[in-house]
Amino acid sequence: MLPLSLLNAAQNKPMLVELKNGETFNGHLVNCDNFMNITLREVYQTSAEGDKFWKLKECYIRGSTIKYLRVPDQLLDVVKEEQNRAREAGRSSRGGSGGSRGARGVSQRGGRGAVRGGPMRGARGRGRGA
Amino acid sequence: MLVVLRDGRKLHGVLRSYDQFANLVLEDTVERIYHQDVYAEMKRGLYLIRGENVVLLGEIDLDQEDDVPLKQVDWETLEPYHQKDIADKKARDELKANVLFEKRGFCKEGGEGDGY
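Protein chains in written order, with the numbering used here: chain A, 1 to 130; chain B, 1 to 116.
Excised from the complex, chain A in its bound form:
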């Protein structure tokens, strides 16, 4: 569970974003990307000194200006559970075919290494296989 995948999982969740300049934004996450750029809706913006407040319908924050984000505690549990379910689903759907695929892999590797053998050839083959 990488930090950015946690952020992705936090969509539609409330969060607090503090920028490097100390300003904070309270709102619900609408969307985010791999640069940590985010959009929030129903935002309360607070100045760095904590003395001024603004209410914004929606706002966009460039990822590079962010210091940290505070997200709901429960989010980590939710994400862990989702991940487990995804892993289980993946295992059961792969189930039977996994064995035969493995066997094919071994025979191919044996043939390449022992009979045809050239290193270039071997490397190319492995790339295509994966």
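Derived by calculation from the structure, the hints in this document are not laboratory data. Glycine is no exception: its CB is placed at the ideal position from the N, C-alpha and C atoms. It cannot be assumed that every hint is accurate.
Stated by the list, open to error - Here are the simulated distance ranges between beta carbons:
no.: 1; chain 1: A; residue 1: Met1; chain 2: B; residue 2: Asp61; range: 20 to 28 Å
no.: 2; chain 1: A; residue 1: Val30; chain 2: B; residue 2: Lys71; range: 40 to 48 Å
no.: 3; chain 1: A; residue 1: His28; chain 2: B; residue 2: Glu79; range: 28 to 36 Å
no.: 4; chain 1: A; residue 1: Phe53; chain 2: B; residue 2: Asp19; range: 29 to 37 Å
To be verified - Over the 12 Å line for every Cβ pair with chain B, so calculated as not near, a few chain A residues:
no.: 5; residue: Arg41
no.: 6; residue: Val43
no.: 7; residue: Leu56
no.: 8; residue: Tyr60
no.: 9; residue: Glu81
Here the structure of chain A is known, so what remains is to put chain B in place on it, guided by the hints.
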């Protein structure tokens, strides 16, 4: 884990995850402030910290943590002192920077003034 941020904040929490940028996920985080030989903490919860802002990340020995010779007090009691410490340090640093600039020919610091 103890995390120190560029703005001087000290966060204690459980490191749950990190990536190639040192972005961190900290669970059950508490923020600690210090003044002389006392400290106070405030519950903060789940943090996602952007790696750029991390100065230091260190593991805490929980056994040694038990005999730290500091006294814990209420956050409300300590916070004014902490704010004053910060303000004093800022004033001192500005004074120092001015002296260096005017008398010693140093350049003015262009960054955010936190030395990082």
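Does the structure break any of the earlier hints, and which numbers would those be?
none
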